[in-house]
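Starting from the known structure of chain H, arrange chains D and G on it as the hints suggest.
Chains as they are written, first to last, in our numbering: chain H, 6 to 123; chain D, 132 to 293; chain G, 220 to 312.
It is possible that part of the hints are untrue.
[Claimed, not checked] Looking from chain H toward chain D, a few residues come up when the C-beta cut is under 8 angstroms (computed):
| # | residue |
| --- | --- |
| 1 | Ala50 |
| 2 | Pro93 |
| 3 | Pro116 |
[Claimed, not checked] Pulled from the structure, derived: some chain H residues nowhere near chain D, Cβ distances all over 12 angstroms:
| # | residue |
| --- | --- |
| 4 | Glu10 |
| 5 | Leu12 |
| 6 | Leu19 |
| 7 | Leu22 |
| 8 | Gly29 |
| 9 | Gly58 |
| 10 | Leu68 |
| 11 | Thr92 |
| 12 | Leu104 |
| 13 | Glu110 |
| 14 | Gly111 |
[What the hints assert, rightly or not] Label-pair distances were calculated between CB atoms; the ranges are:
| # | chain 1 | residue 1 | chain 2 | residue 2 | range |
| --- | --- | --- | --- | --- | --- |
| 15 | G | Phe230 | D | Arg221 | 28 to 36 angstroms |
| 16 | D | Ser155 | H | Trp15 | 23 to 31 angstroms |
| 17 | G | Met220 | D | Ala166 | 47 to 55 angstroms |
These aren't lab readings, by the way, just hints derived from the structure by calculation. A quick note: this is a predicted structure, and the numbers were derived from the prediction, not measured. The beta-carbon is built from N, C-alpha and C at its ideal position, and this holds for glycine as well.
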Amino acid sequence: MTHAENLPGWAAILVSLLLLLGAGLGLVGAIGLLRLRNFYERVHAPTLGTTLGIGSILLASMLFFTVLQARPVLHEVLIGVFMVLTTPVTLMLLARAALYRDRREGSAEVPRSTTGEG
Amino acid sequence: MRRVLPFPWVSAALLLLWLLLQGSLGPGSLLLGGALALVGGWLLAVLDPPRTRLRRPLAALRLAWVVLVEVFRSNNAVARLILAPTTRGRSSGFVRIPLDMRNPAGLAALACILTATPGTVWAEYDSARGIMLLHVLDLIDEAEWVRIIKDRYEARLMEIFE
Amino acid sequence: MTAMILSWSVFLAQLMLALGMGCTIWRVARGPRAQDRVLALDTFYVLAAMLLLVFGIRTGSVVYFEAALVISLLGFVATAALSKFLMRGEVIE
Chain H
6 MTHAENLPGW AAILVSLLLL LGAGLGLVGA IGLLRLRNFY ERVHAPTLGT
56 TLGIGSILLA SMLFFTVLQA RPVLHEVLIG VFMVLTTPVT LMLLARAALY
106 RDRREGSAEV PRSTTGEG
Chain D
132 MRRVLPFPWV SAALLLLWLL LQGSLGPGSL LLGGALALVG GWLLAVLDPP
182 RTRLRRPLAA LRLAWVVLVE VFRSNNAVAR LILAPTTRGR SSGFVRIPLD
232 MRNPAGLAAL ACILTATPGT VWAEYDSARG IMLLHVLDLI DEAEWVRIIK
282 DRYEARLMEI FE
Chain G
220 MTAMILSWSV FLAQLMLALG MGCTIWRVAR GPRAQDRVLA LDTFYVLAAM
270 LLLVFGIRTG SVVYFEAALV ISLLGFVATA ALSKFLMRGE VIE
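Extracted from the complex, chain H is given alone in its bound form:
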């Protein structure tokens, strides 16, 4: 990592902390996928990575390139905005698909539908 030699110390420390926080949250979310007991519990696990996890890695990347190139590098914001918009949609779709499938099989674990369909 020779390109990072002339990065000031405070920026290097801050980028390191943000990277470790983000990657740690991503890992905890993935461990949650393994440890939690049923699908509806596991749906909660990836949100750790998709909110604060990717957020802090994006912040680290923005800070790193902005300080290194001495000009604002902000395009990481796009991934952030995109993640914020898409994660709820995918998780809701998945939760609804799972509910639908479980109800079709007459599972006792999920509450009955109030709308009458599905």
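Leaving out everything else, chains D and G in the frame of chain H:
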């Protein structure tokens, strides 16, 4: 004005997106981004989405802050739950929450906020009765959750959208 | 000294993300149900995007940003299509 820029905010966002992707403010990227913004606005006008108005931008900013704080807090809480040595003493489950809000944009915003915060996932909404089904990872007291959602989010969203 | 701290934390971050991707692969393989697999695949995409961003910091190149953007786009479309498929058995109704 409405013919040229039917959705000024969407067009502005498209222009900003283009400039961010290009990473420059040169005349070339401004021109191409402007064209993209105009055409994007027209395409959206053809699709004719339902229009909503943000009534109180300041209240929306305050809500964004509340959500940000909540995201930090619940990230911490859910990480602890996942790494806890035993799962005993914790129960997850579904809660039905009656909502007074009927505005579709407000409901969509509520769904996104709840799903994006770790620990809660919006599962279903019964539009005839106005009842939503929420899955909560750490469910201790159902009445408490109903109160939290109504006070913290629904009241603010109704103020913003209705 | 600080450059060393940075390169170590980049390495650790990559290790953690790779481990996390391993966990999601395990869940994709184990299931038990289709929705578990789709959820794990979605998490895999997010972790891959994060890993690419860390690679970008490691190499100091901006190219990885675009790869991360494409991966997150693909992940969203794939998961949305798969969830629709799980719900009705068809992607487009």
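Hints and how they fare:
1. Ala50: holds, 7 angstroms
2. Pro93: Hint holds; H/Pro93 Cβ to chain D Cβ min 4 angstroms, cut 8 angstroms.
3. Pro116: It holds, given that the least Cβ distance between H/Pro116 and chain D is near 5 angstroms, below 8 angstroms.
4. Glu10: holds, 24 angstroms
5. Leu12: holds, 20 angstroms
6. Leu19: holds, 17 angstroms
7. Leu22: holds, 15 angstroms
8. Gly29: violated, 8 angstroms
9. Gly58: H/Gly58 not clear of chain D: closest Cβ-Cβ about 8 angstroms, inside 12 angstroms.
10. Leu68: holds, 16 angstroms
11. Thr92: Given that some Cβ of chain D is not farther than 12 angstroms from that of H/Thr92, nearest at about 6 angstroms, it is violated.
12. Leu104: violated, 6 angstroms
13. Glu110: Answer for H/Glu110: holds, closest chain D Cβ roughly 17 angstroms.
14. Gly111: Holds, because the least Cβ-Cβ distance between H/Gly111 and chain D comes to about 16 angstroms, which exceeds 12 angstroms.
15. G/Phe230 - D/Arg221: 28 to 36 angstroms: With a Cβ separation near 35 angstroms, G/Phe230 and D/Arg221 satisfy 28 to 36 angstroms, so the hint holds.
16. D/Ser155 - H/Trp15: 23 to 31 angstroms: The hint (23 to 31 angstroms, Cβ to Cβ) holds, given that D/Ser155 and H/Trp15 are roughly 28 angstroms apart.
17. G/Met220 - D/Ala166: 47 to 55 angstroms: With a Cβ separation near 50 angstroms, G/Met220 and D/Ala166 satisfy 47 to 55 angstroms, so the hint holds.
Violation of the numbered hints given earlier is confined to hints 8, 9, 11 and 12; the remaining hints are satisfied by the structure.
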